[in-house]
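Enquirer: These protein sequence lines are chains L, Z and H, in that order. Taking my numbering, the leading residue of the first sequence gets 1, the next gets one more, and so forth. Taking my numbering, the leading residue of the second sequence gets 1001, the next gets one more, and so forth. Taking my numbering, the leading residue of the third sequence gets 2001, the next gets one more, and so forth.
There's no promise every hint is true.
What the hints assert, rightly or not - Listed below are several chain Z residues computed to face chain H (Cβ distance under 10 Å; list not exhaustive): (1) His1107; (2) Lys1176; (3) Ala1239; (4) Glu1242; (5) Ser1246; (6) Pro1297; (7) Tyr1298.
Honestly, the hints are just simulated from the structure, not real lab data. Don't be surprised by glycine CBs; every beta carbon is placed ideally from N, CA and C.
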Amino acid sequence: MAGPLPENNLKNPDSDRYGQELYQLMVALYPICRSITGDGFRQTLRQLQAVVPLTLHEVPSGTQVFDWTVPQEWNIREAWIKNARGEKIIDFSISNLHVVNYSVPVHRKIRWAELKEHLFTLPDKPDWIPYRTSYYKATWGFCLSHHQQQQLRDEEYEICIDSTLGPGHLTYGEFKIQGTADEEVLISCHSCHPSLCNDNLSGMVVAAKLAQQLSDLPLRYSYRFVWIPGTIGAITWLALNEPGLSRIKHGLVLSCVGDSGRFNYKRSRRGNAEIDRVVEHVLRHAETDFGISDFSPYGYDERQYCSPGIDLPVGCFMRTPNGKYPQYHTSADDLSFVKPEALAGSLDRLLSIVRILEKNRVYLNLNPKCEPQLGRRGLYRLMGGTNGSELEEAILWVLNQSDGANSLLDIAERSRLGFGIVCGAAEALLQSGLLRETA
Amino acid sequence: MAGPLPENNLKNPDSDRYGQELYQLMVALYPICRSITGDGFRQTLRQLQAVVPLTLHEVPSGTQVFDWTVPQEWNIREAWIKNARGEKIIDFSISNLHVVNYSVPVHRKIRWAELKEHLFTLPDKPDWIPYRTSYYKATWGFCLSHHQQQQLRDEEYEICIDSTLGPGHLTYGEFKIQGTADEEVLISCHSCHPSLCNDNLSGMVVAAKLAQQLSDLPLRYSYRFVWIPGTIGAITWLALNEPGLSRIKHGLVLSCVGDSGRFNYKRSRRGNAEIDRVVEHVLRHAETDFGISDFSPYGYDERQYCSPGIDLPVGCFMRTPNGKYPQYHTSADDLSFVKPEALAGSLDRLLSIVRILEKNRVYLNLNPKCEPQLGRRGLYRLMGGTNGSELEEAILWVLNQSDGANSLLDIAERSRLGFGIVCGAAEALLQSGLLRETA
Amino acid sequence: MAGPLPENNLKNPDSDRYGQELYQLMVALYPICRSITGDGFRQTLRQLQAVVPLTLHEVPSGTQVFDWTVPQEWNIREAWIKNARGEKIIDFSISNLHVVNYSVPVHRKIRWAELKEHLFTLPDKPDWIPYRTSYYKATWGFCLSHHQQQQLRDEEYEICIDSTLGPGHLTYGEFKIQGTADEEVLISCHSCHPSLCNDNLSGMVVAAKLAQQLSDLPLRYSYRFVWIPGTIGAITWLALNEPGLSRIKHGLVLSCVGDSGRFNYKRSRRGNAEIDRVVEHVLRHAETDFGISDFSPYGYDERQYCSPGIDLPVGCFMRTPNGKYPQYHTSADDLSFVKPEALAGSLDRLLSIVRILEKNRVYLNLNPKCEPQLGRRGLYRLMGGTNGSELEEAILWVLNQSDGANSLLDIAERSRLGFGIVCGAAEALLQSGLLRETA
């Protein structure tokens, strides 16, 4: 892959512009009410087509996908609560978080005693509206701030949720870049949440921008991007695409990549897959602080990708993980919580990860008995001094370790050098005829 | 195994009662003079038969057992030292530690200069009588406190050791509980010391009580308990039972389990045998402080069980190890040094260990491709919220890891959950038809 | 191997004498101008023949050795710089570091502007003369202290380097001690530097003394010592001796073993070769402070011995490593920087290393089922007490671990006992017929 990909430790010169573009994309998508099915999801994907020509796939309700069934499609026009004086005190048009996602339709007068059983608040975060769903139990509900609830009196209310729940489709978006090889890298992001920015508009827009960036580059791997509803979407996609899964050599779930926190990577179920080692290498060389955690079977769609019968090498790339920031799954996960520079930084790291995946190969030292004479090949300082340069160190490491068993990443890890310098050393040695790629 | 076994982290409701029973048993056995052979050993086993119907085995002196020969049988009626005025100044009937175990008979007048060569004291613990033996060198001796010795003058004494040493038998006790499987768990305790409580009346009574407890339960494994003289008894038992040793899948030597110190587990020679991992799991989840040490070839009868030609997975379960408490092998290892609650706590941990051994199996996820839908099986909260319960976590872990390679203990260790919750998750999944045991 | 080799933790009684002998040998060799070829190298080897009857090997210039060609031979008679008044201000006869090693001949008047391009100093160590070489680029130069250079004015100078560079030979020294086995231990030291004491007159004289010491002893392994020019010499030796390399089972590069710093061992490329474990064992038991570092492909001739197509188990034994002391490659690496006691200490450690290599074998416990009765074989205290001696511990460890898979070093490491006591235990058990060496 050619030069456009940034070195690990260099700031991408286009970062500021990319940060603004990513943020503006999020601003445009923020108001849409998304759920695991419905027109909000479709509308979101169509807006992303302005960035990358992804394809919309429609899977009918009732389709059996492994142990699950694609649910009915949910759409909603309006929803509100009026008090006894007919004033709208809660209105879906102000925040789409006000309605429990997948609420069944309802329109009637209701006593406070009954209504309050359908209200959800966060008493310890009294200004914020919680995000709640009920995909698999037919019910309805409203979410509101605790302060709003405290102002409600014991009187009669009129409630309306003008939703539909019936046969339709589950929609997902997919985009593939064909590389020279059929082996694939999978990038997956759940796209089923309404007005929540970090979780996961951030992942959706960064994935789209990454796809756009990679489209312009010559690539070895093929790259497959999916924008899917969480859980049921990943299960649906895996069920429908099972024959092709063996082509997936590496994968990442993108989530919560827009906040200002440090990066956190959650390893794949395998724990030491190449993608796990690549992400850790990038973060170790580019960040002063970051987190690495072992796989666990709760979190995002890595749950499905890493189920024992699928077991793909897919990790989860995040900044602050789900549940680890107070704004998580509340109205405070809004446009002020995510930052253009954080989005751009996430994109930068992903480009670095791709760069290593693309360049990581196993080479063979063609002059394995003693060191070759680097001097006459212009690969070594001619006047003997005390210290070699880092590139010379890398050249010696690549020569020493290229016995057919070690990849460039193995060499970078053993030498504690950055992948970039090791890769540069390998390229210099290739040009000198001292190295060849293994079959 | 059914409910009666306590959860790891729960105090057995019968603990207080068991503690008292264990202690009273020890009180009854304390005065008996035990050695590696003789009537004291037999009398001890017969008293234990009140708790558990163990069988006494008699092995004739002279029997060849691997590199060793069963020694002559030793018995003793009385022993004393009288001073020049005919006063008994040392008397075996006051403490059976006063005579060097296996002393040959002697009765004569003796000069101080000769006598003092046969006296053993502990100058740095001047109130305590040491415990000494001479199994394989024909000699005699007295043990006494250093204060006692300091009062002796240079005069003529009369000494008497009315012992017999001649052809007889080595006696050991054995008790087996037949489980549904022939694979066995071995519980071994050396029972050859005279009036010493922690080492090892504690192990003897806890083993008996454990046997009594397990007798009432449906069990998968068979359990074999042996009360044997140290070293020669273990060697004798192994030599006579060699053909059946391959049935032993797990084993523990019990020793020093009555003092108030923290638990200390010494691993088997293999180091990572299932019994090693189970004991460590139990202690890690039940104790705030405990010790784990690697195998070493000195200590108790694990020396024989873990000799290279035997190499059974047998560890040593202790509180304060041999030699690590000042009362060790002295008259101060008496009834005040051991505590009912310590004995009961040891029993509790052993029951937890048995519980895990019984329940630790490898299961297979029957719905391995993506997660199964837990909601419709009643295994999952239906209204999506932020945090799952610990049982839900355990369910996800069991599903994710049950690929046929991981036992429930493996899963508990990887997830850092307790074995009990992981086991409960497996049971719920079995009932839902999502799991089956591997062949 | 018999008693003369010191125990790990004992000071060799001859250390003081050896220290003086080693130091005097260095004093004699210090003034000689060595390079990678030439008469200085030959003269050095001939003086070492007074210690050990090594053989000089001559390899003609132009000989192809793997990727390299043996260079022309360099010799030098005199070199100086005269100022405008004809005063010799720099003179090779005062320090042979004044001339860049392998300088081509030159004799002419020269302007300051041109001259200063050929002068090398150390501005941050203004009293010291640097050591520089130019083996593979035909040039000339002078090295001098920064203070000397600061006194030079912009005037015309006369320079003379009376060197020859032409067809000749690369010389190296070799000495082999035949042991009972053909398997070899290789000791290699680069001998190509002029008046630099720690790097590497120290290695050269310690190697010679080690060879002298071992010559008097019955040995299992054969020992091969080589005194070679760095890099090109190791490559030459390996190329000419390739068929015999498979006999080399262990090896050490000796370098910088005369300074007062702590020992530092650099592991072989394999990382856990027997030599790596032996050196670490010796240092751990003999030193309170020492360093162990992983292999890296820069340093001394381990670069060649550990190249991927050679891959011998050769580590590098040093005190303060190359580049880690300020005097490195300067005139301050002189006779005041190295100490007789440091040289003797290095020799002591090497003798301990040889001792373990010689004695490290795998034995088989001939009585593997339970412990043998040590008492009747005189291997155990007969009167039972509390604590066994360290030798008894070692006996039990050797018996327990000698199942055919563990060497004495394995046993020493697992037991954390010193190799000497473990070896003594094995010898006692061999004499008792309880152990035999594996085939």
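Enquirer: Give a verdict on every hint.
Expert: Now the hints, each set against the structure:
1. His1107: violated (22 Å)
2. Lys1176: violated (22 Å)
3. Ala1239: holds (7 Å)
4. Glu1242: holds (8 Å)
5. Ser1246: violated (14 Å)
6. Pro1297: OK, holds: Pro1297 of chain Z within 10 Å of chain H, min 4 Å.
7. Tyr1298: Since the shortest Cβ distance to chain H is 6 Å, the answer is holds.
Comparing the model with each numbered hint stated earlier shows that hints 1, 2, 5 do not hold.
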